[in-house]
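Sequences listed follow chains A and B, in order. With the working numbering, the residue at position 472 of the first sequence is 472, and numbering never jumps. With the working numbering, the residue at position 162 of the second sequence is 162, and numbering never jumps.
Please note: incorrect hints may appear among the correct ones.
To be verified - Cross-link-like lysine to any residue pairs, in silico, SDA-like; alpha carbons within 20 Å at most:
hint, chain 1, residue 1, chain 2, residue 2
1, B, Lys112, A, Arg216
2, B, Lys313, B, Ser333
3, A, Lys322, A, Ser112
4, B, Lys112, A, Ser210
5, A, Lys117, B, Lys112
6, A, Lys322, B, Pro79
Rather than coming from a laboratory, the hints here were simulated on the basis of the structure. Bear in mind that the values here come from a model prediction, so they are computed numbers and not experimental data.
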Amino acid sequence: MSNTALDAGQTVAKKRPANIRNLAGRFFPWAILILISAMVAAPVFSLVVGAFSESRLPNEFSLETMGLGNFYAVWVEQRIDLVLWNTAVYVVGATIFGITTAAVLAWLVERSDMPGKMWIYAGVPLGIAVPGILHAIAWVLLLSPRSGFLNRGWMFLTGSEEALFNVYSMGGLIFAEGLRLVPVAFLMLVPLMRSMDPSLEEAAAASGASPMRTIRRVTFALLLPGVLAIAIFQAITAIENFEVPGILGMPVNLHVFSTRVFNLIDNIGTIPAFGQANAAAVFYLFIALIISFFYLRLVRHSERYSIITGKGYTPRAVRLGKWRYPAIGLALLYLFVTIVLPFLVLLYVSLVGYLRQPSIEAFQSFSWSHYEAVFRQPRVGRVLWNTVSLTFLTATTVTVLSFIVAYIIVRTRFRARYALDVLSFMPHSIPGIVLGLALFWLLIQFDNLTGASTFGSLYSLVIGFTILFLSYSVRAMSVAMIQVHPDLEDAAKMCGAPPWRVALRIFAPLLMPTLVGIWIYVAMLSVRFISLPLILSQGGNNEVLGVMIWSLWDNGNINSVGAIGIMLMSVMFALALSLRMFGFGQNKGGGAI
Amino acid sequence: MIDIENLHVRFDSEKGVVHAVRGVTISVAPGEFYTLLGPSGCGKTTTLRCLAGLETPSDGSISIGDVVVHDTARNISIPTYRRDIGMVFQSYAIWPHLTVFENVAFPLREMKPDVKEAEIKRRVENALELVQLSGYETRPAPFLSGGQQQRLALARAIVREATVVLFDEPLSNLDAKLRAETRLELRRLVKRLGMTALYVTHDQTEALTMADRVAVMCDGEIAQEATPTEIYKRPVSRFVASFIGQCNFAEGDVLSTPSAGTPGQINTEWGPLSYNDGPDHNVGDKVTIAVRPENVWLAQKGSDDAATQITGKVSEIIFLGEALECRVDLGSSNVITRLHPSSEVAVGDTVGVIVKPQDVAILAA
Ligand SMILES: Nc1ncnc2c1ncn2[C@@H]1O[C@H](COP(=O)(O)OP(=O)(O)O)[C@@H](O)[C@H]1O
Ligand SMILES: [Mg+2]
Numbered sequence: 001m002s003n004t005a006l007d008a009g010q011t012v013a014k015k016r017p018a019n020i021r022n023l024a025g026r027f028f029p030w031a032i033l034i035l036i037s038a039m040v041a042a043p044v045f046s047l048v049v050g051a052f053s054e055s056r057l058p059n060e061f062s063l064e065t066m067g068l069g070n071f072y073a074v075w076v077e078q079r080i081d082l083v084l085w086n087t088a089v090y091v092v093g094a095t096i097f098g099i100t101t102a103a104v105l106a107w108l109v110e111r112s113d114m115p116g117k118m119w120i121y122a123g124v125p126l127g128i129a130v131p132g133i134l135h136a137i138a139w140v141l142l143l144s145p146r147s148g149f150l151n152r153g154w155m156f157l158t159g160s161e162e163a164l165f166n167v168y169s170m171g172g173l174i175f176a177e178g179l180r181l182v183p184v185a186f187l188m189l190v191p192l193m194r195s196m197d198p199s200l201e202e203a204a205a206a207s208g209a210s211p212m213r214t215i216r217r218v219t220f221a222l223l224l225p226g227v228l229a230i231a232i233f234q235a236i237t238a239i240e241n242f243e244v245p246g247i248l249g250m251p252v253n254l255h256v257f258s259t260r261v262f263n264l265i266d267n268i269g270t271i272p273a274f275g276q277a278n279a280a281a282v283f284y285l286f287i288a289l290i291i292s293f294f295y296l297r298l299v300r301h302s303e304r305y306s307i308i309t310g311k312g313y314t315p316r317a318v319r320l321g322k323w324r325y326p327a328i329g330l331a332l333l334y335l336f337v338t339i340v341l342p343f344l345v346l347l348y349v350s351l352v353g354y355l356r357q358p359s360i361e362a363f364q365s366f367s368w369s370h371y372e373a374v375f376r377q378p379r380v381g382r383v384l385w386n387t388v389s390l391t392f393l394t395a396t397t398v399t400v401l402s403f404i405v406a407y408i409i410v411r412t413r414f415r416a417r418y419a420l421d422v423l424s425f426m427p428h429s430i431p432g433i434v435l436g437l438a439l440f441w442l443l444i445q446f447d448n449l450t451g452a453s454t455f456g457s458l459y460s461l462v463i464g465f466t467i468l469f470l471s472y473s474v475r476a477m478s479v480a481m482i483q484v485h486p487d488l489e490d491a492a493k494m495c496g497a498p499p500w501r502v503a504l505r506i507f508a509p510l511l512m513p514t515l516v517g518i519w520i521y522v523a524m525l526s527v528r529f530i531s532l533p534l535i536l537s538q539g540g541n542n543e544v545l546g547v548m549i550w551s552l553w554d555n556g557n558i559n560s561v562g563a564i565g566i567m568l569m570s571v572m573f574a575l576a577l578s579l580r581m582f583g584f585g586q587n588k589g590g591g592a593i
Numbered sequence: 001m002i003d004i005e006n007l008h009v010r011f012d013s014e015k016g017v018v019h020a021v022r023g024v025t026i027s028v029a030p031g032e033f034y035t036l037l038g039p040s041g042c043g044k045t046t047t048l049r050c051l052a053g054l055e056t057p058s059d060g061s062i063s064i065g066d067v068v069v070h071d072t073a074r075n076i077s078i079p080t081y082r083r084d085i086g087m088v089f090q091s092y093a094i095w096p097h098l099t100v101f102e103n104v105a106f107p108l109r110e111m112k113p114d115v116k117e118a119e120i121k122r123r124v125e126n127a128l129e130l131v132q133l134s135g136y137e138t139r140p141a142p143f144l145s146g147g148q149q150q151r152l153a154l155a156r157a158i159v160r161e162a163t164v165v166l167f168d169e170p171l172s173n174l175d176a177k178l179r180a181e182t183r184l185e186l187r188r189l190v191k192r193l194g195m196t197a198l199y200v201t202h203d204q205t206e207a208l209t210m211a212d213r214v215a216v217m218c219d220g221e222i223a224q225e226a227t228p229t230e231i232y233k234r235p236v237s238r239f240v241a242s243f244i245g246q247c248n249f250a251e252g253d254v255l256s257t258p259s260a261g262t263p264g265q266i267n268t269e270w271g272p273l274s275y276n277d278g279p280d281h282n283v284g285d286k287v288t289i290a291v292r293p294e295n296v297w298l299a300q301k302g303s304d305d306a307a308t309q310i311t312g313k314v315s316e317i318i319f320l321g322e323a324l325e326c327r328v329d330l331g332s333s334n335v336i337t338r339l340h341p342s343s344e345v346a347v348g349d350t351v352g353v354i355v356k357p358q359d360v361a362i363l364a365a
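Given these sequences and hints, build the entire structure.
Rendered as structure tokens:
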């Protein structure tokens with residue numbers, strides 16, 4: 001500033017690039033807004049248009065063959081109302097089971113004097129490392145009515161003709177999906193319980209309320225709005241899930257929305273009904289949107305309860321007394337059932353000669369041959385390469401994009417930042433199957449128009465996953481950014497750093513744990529998620545590991561599924577451990593997930 | 001009304017055992033306003049929480065009224081909700097999911113036998129009126145200001161008409177002006193209702209203005225227990241004297257003890273001083289004396305008896321608004337005095353310092 005007079009000539013010369021940069025700075029947020037809008041609107045638009053198309057195949061689409069026939073067919077011929085009912089029972093059941101389990105675990109870890117808390121606290125989130133498809137397959141191996149290990153063991157021990165439990169049932173769906181919801185619900189419930197000022201409960205005791213009454217009138221009542229929000233969030237996850245109903249429900253024609261939509265285009269022996277699938281998906285999307293709407297409303301009014309956090313708060317644990325050991329026993333049982341058992345079952349089938357009940361001979365037949373067989377498969381190299389590329393591309397794209405979007409929402413005065421906020425949340429309510437179907441239509445039309453070959457490429461999956469995982473990561477990123485005090489940036493600006501240098505030198509390092517956390521978490525999701533790749537997979541170019549497991553399972557190649565599953569789970573556990581060690585800072589434990 | 005006998009509390013924390021309360025014995029008379037005063041971390045809250053049953057003592061016994069609520073030796077421990085108490089928490093602990101009315105009605109709804117709805121309404125309204133919150137009944141509790149939340153917490157504590165009401169730094173979250181107003185209001189209310197109060201604070205002004213009796217705590221023990229006047233005028237230790245306000249200290253030897261109307265004499269590092277009473281000492285004992293700044297006078301030139309003066313030199317004057325704080329060097333030591341702002345002393349003046357015999361407090365040991 002002070003030397004302006006000295007180099008006046010240079011200043012004039014510098015002015016133009018500065019202007020261009022200014023202009024770019026002004027338009028950049030708009031460009032991002034348009035990009036995000038397109039990511040949400042284009043697939044949904046093509047989905048809806050496709051639902052009205054009565055041509056047999058997407059690439060035969062024309063305006064002449066439009067009508068309401070698909071909706072009629074889906075509602076009347078396919079009895080989508082029954083699917084709706086199934087979905088409702090499945091979602092409500094799984095959510096209640098999952099949230100209750102998670103709440104008990106979170107309460108034990110956060111508010112009681114249960115011994116060995118740290119193990120449970122560290123162990124429960126590891127559940128996200130078990131991909132849904134392997135989780136479901138493990139339960140089939142254990143509890144399928146005729147050959148499930150547990151059922152056979154039960155029949156052997158009791159001499160009963162009846163299986164203990166048939167996992168190919170609504171009860172099985174609810175059980176398996178409920179267990180899968182626990183880790184994330186647990187991570188969301190722990191901060192909620194931690195933020196509750198114990199003196200609110202003490203005040204009830206000091207007012208003459210007995211412990212039972214205190215729990216009912218104060219603890220439950222206070223936690224209810226938060227728990228409800230988390231429950232709805234989990235319900236969205238359950239309604240979206242394809243893997244568990246796909247493995248446990250589809251074989252016995254027990255359909256929920258996600259499997260029905262898939263079934264309409266991928267049913268052996270019938271012609272794919274693309275238009276009808278779209279019509280069903282429109283119903284599906286509509287219901288998911290309604291639930292998301294309730295979620296947003298609930299979360300918006302949550303500030304009413306913000307004073308749950310009180311001052312002068314010392315952590316105090318409820319004494320469990322003689323229940324201490326039963327409590328840790330229960331918690332360990334959960335860990336065993338969701339993490340150890342699936343791993344052991346898959347390990348067994350991956351090593352045993354041919355599939356049979358565990359026995360001495362079975363153990364004697366253990367060998368690595370199935371692992372060798374997997375690597376002898378010609379497509380395996382391609383699939384691995386595809387999976388790794390997909391994971392890296394998706395995780396990096398999502399992390400960078402969500403950093404930019406969150407920065408605009410949290411830290412700029414961009415006029416349309418609220419619109420951007422809402423738009424970036426929208427994909428959360430689009431189920432993976434629906435998005436897969438939508439992209440299927442969109443990319444085919446796009447390729448028809450431009451002659452490109454996006455359909456069937458790996459990029460189609462990257463695009464799909466980026467859309468799917470964006471809302472989660474934008475939210476996690478915004479939460480972390482809000483916690484960085486603006487003074488820290490202002491101090492840097494005072495030192496003369498331009499905005500991009502502030503973002504790079506102050507923001508990025510402070511947010512590093514979050515960036516790393518989001519990257520790893522999105523990477524894990526990309527490996528776990530199979531609904532979207534299943535629809536978009538067109539052979540070698542973009543076949544990924546999840547799809548390969550699905551088709552191996554479909555063909556009854558159970559030993560190979562076990563071998564691949566064990567290797568995949570090992571990688572996932574490593575990722576989950578690194579997430580705990582490097583991501584989100586130690587104590588927050590991914591509170592925003 | 002409240003009797004605490006030899007209370008000990010030990011916490012097992014990661015850093016080892018913390019002995020937070022070490023043998024506290026307190027006896028509060030019915031209707032008395034009793035204050036526990038001490039710096040942060042000295043064990044006040046822990047003592048109070050033991051009384052409420054929210055913390056389990058490691059040793060000792062507690063009774064409220066005629067009821068023994070805790071006795072470690074006899075293995076008696078009555079849970080909080082069966083104790084006849086009301087309590088105001090430092091964080092207020094106002095339930096955010098209830099309205100103002102329901103917050104206050106809560107203790108009544110927990111009573112056995114059930115209280116009739118009309119009676120609940122009457123008592124809640126009465127309590128809200130006492131704390132000047134009438135008209136706020138239907139408001140959700142989070143939409144109250146800090147001062148209003150504090151009064152709501154008070155209403156909730158008194159609505160049960162328990163015999164004992166406990167306060168844990170109830171005013172520490174209010175701003176200074178509101179705190180000053182609330183102090184006396186709160187005392188008057190408790191007195192009017194005839195309740196016995198145990199009040200915990202780290203603010204000496206609160207303790208002095210509100211209490212009938214004050215116990216100063218230090219490191220889990222009671223350093224001194226006395227009326228506010230007594231504790232201010234006759235502190236027993238340097239810790240108590242300086243915690244209760246500003247104080248000058250001096251070392252000295254007893255030259256003669258007071259007897260039948262003639263004051264005793266002490267030769268202090270400031271100079272010779274007379275004193276009237278204090279713990280028994282013998283001639284020749286080494287003692288520490290304490291004198292409050294407002295009891296250190298500067299002699300009017302030529303008017304006072306020159307014999308009782310100590311000559312010194314003014315080295316610093318600080319303007320405090322309602323007073324001047326003035327440091328006078330007396331040879332190797334110095335003394336702080338408080339003067340009226342109209343005083344005309346200036347830095348560098350030679351002055352005569354007077355300390356009256358009744359204002360000299362001799363510290364025990
Ligand atoms: N639950 C607890 N666990 C371990 N130490 C505690 C606990 N509660 C209080 N303490 C310790 O006991 C001492 C007294 O605490 P407290 O009674 O809260 O002090 P005060 O109210 O006088 O500030 C402090 O050193 C504090 O750290
Ligand atoms: Mg305290």
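- Violated hints, by number in ascending order, as checked against the structure: 5
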